Amino acid sequence: MERSEAELIAAVLAGDAASFEPLVQKYSPRVFATARRYARRESEIEDIVQEVWLKAFDKLKSFRGEAPFEHWLMRMAVRTCYDFLRGHQRNRESSFSEISEPEEDWLERFVADPVSAPEDADAAKLLIDRVMEKLSPEARLVIQLLEIEDRSVKEIAEMTGWSVPLVKVRAFRARGEMRKILARMTKEKYL
Amino acid sequence: MNLAELQRKLVAAARLQKPDDRVPYTFEKRVMALIAERTAAARNVLWVRGLWRAAISCVAVAVVCGAVSLFTPDKSDSGNDLSQDFENTLLASVDQGDTAP
Numbered sequence: 363m364e365r366s367e368a369e370l371i372a373a374v375l376a377g378d379a380a381s382f383e384p385l386v387q388k389y390s391p392r393v394f395a396t397a398r399r400y401a402r403r404e405s406e407i408e409d410i411v412q413e414v415w416l417k418a419f420d421k422l423k424s425f426r427g428e429a430p431f432e433h434w435l436m437r438m439a440v441r442t443c444y445d446f447l448r449g450h451q452r453n454r455e456s457s458f459s460e461i462s463e464p465e466e467d468w469l470e471r472f473v474a475d476p477v478s479a480p481e482d483a484d485a486a487k488l489l490i491d492r493v494m495e496k497l498s499p500e501a502r503l504v505i506q507l508l509e510i511e512d513r514s515v516k517e518i519a520e521m522t523g524w525s526v527p528l529v530k531v532r533a534f535r536a537r538g539e540m541r542k543i544l545a546r547m548t549k550e551k552y553l
Numbered sequence: 246m247n248l249a250e251l252q253r254k255l256v257a258a259a260r261l262q263k264p265d266d267r268v269p270y271t272f273e274k275r276v277m278a279l280i281a282e283r284t285a286a287a288r289n290v291l292w293v294r295g296l297w298r299a300a301i302s303c304v305a306v307a308v309v310c311g312a313v314s315l316f317t318p319d320k321s322d323s324g325n326d327l328s329q330d331f332e333n334t335l336l337a338s339v340d341q342g343d344t345a346p
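Just so you know, the sequences run in chain order A and B.
Residue numbers for the first sequence follow the numbering used here, so the first one is 363 and each next one is one higher.
Residue numbers for the second sequence follow the numbering used here, so the first one is 246 and each next one is one higher.
Here chain B stands alone, though its shape is the one from the complex:
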């Protein structure tokens, strides 16, 4: 069988086939709905990504502050510990009230 001729004939047959360009009813509405859906989803993703970045930054700042306060030697020689400071602050108004004339 002449395969080259068969190939030529079949390709010619394919060329004669007019492509069907029908578009389903309201197809463009469907595409636009999908685009709107994706745009909204993309916006949410942006928010979530932003919030995560902010949260990570906050944690990093907290860790740095913690490390600084932990490893910085206390230079004040007041001799008071944290509990004493806290008590003084809490009772400051009462102390002021006692000393007032």
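So here's chain A without its partners, still in its complex pose:
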């Protein structure tokens, strides 16, 4: 018979570490999907997810069961991704000279007629990935959660541990930072 999540957690807390495995199996796809939004290389993604699970195991005592386990785990995943971003800021200072041809074509199409440039084009996806990599860790996290994942300010505050006003301030700054990066990118290409 399949044991419930609460039973598995209780068993782990009682010292049966093997009961943690079904939880890892069940929630790893979600944690991997989250990590892939913040890291590109597969080895880095695996390191992040591994760290999330080790932290979850170590801090399981602090899980009180008031919210679903998944929420608690995703909060840990987002915070681990944020720590990763803070530790890996190497790509931020590079220029946009390495933009590929399809990306350049998409930009040219956008310049000529903003409406005709398709949002579902691979080039647009590559461009947004490039822009996201150049944002500061705070800005990237806020843009990802607020603009791309469409989460509320309150939700972001709970996930990150920041206060609601701080999330709002960081969201305002993040949008400005993103616009500056876009301005730099278009200036490098078209001036």
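Keep in mind that the hints were calculated from the coordinates and are not lab data.
Remember, it's a predicted structure, so these values are computed and weren't measured experimentally.
Glycine included, each C-beta is placed from N, C-alpha and C at the ideal position.
In silico DSS-like cross-links for lysine-lysine, where the CA-CA straight-line distance does not exceed 30 Å:
(1) K516(A) to K388(A)
(2) K274(B) to K388(A)
(3) K274(B) to K423(A)
(4) K263(B) to K487(A)
(5) K263(B) to K388(A)
(6) K417(A) to K516(A)
(7) K530(A) to K417(A)
(8) K530(A) to K263(B)
(9) K423(A) to K388(A)
Chain B is nowhere near these chain A residues, computed Cβ spacing over 12 Å in every case:
(10) R365
(11) E428
(12) E460
(13) E520
(14) T522
Here the structure of chain A is known, so what remains is to put chain B in place on it, guided by the hints.
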């Protein structure tokens, strides 16, 4: 260039990207092996910490005993020094043997 529109378009492009949730083969086994390794290491650390505490306590007791014996004045007026006491103890059985009928 309309930067606000460009920003909107790119964010929309990011929204359309479905996150990849593939998990590497036997990833959960790897995590469990790491957890087991860490649990064993944590147990060793607990033992080592306990042994160190015990060792420190023993040293503290030895120091206190030493200090007490060093600074407590000898109240017995037997006049015998330690070497005499030691000799008496060592030869007690021989002395008893001499006095026995």
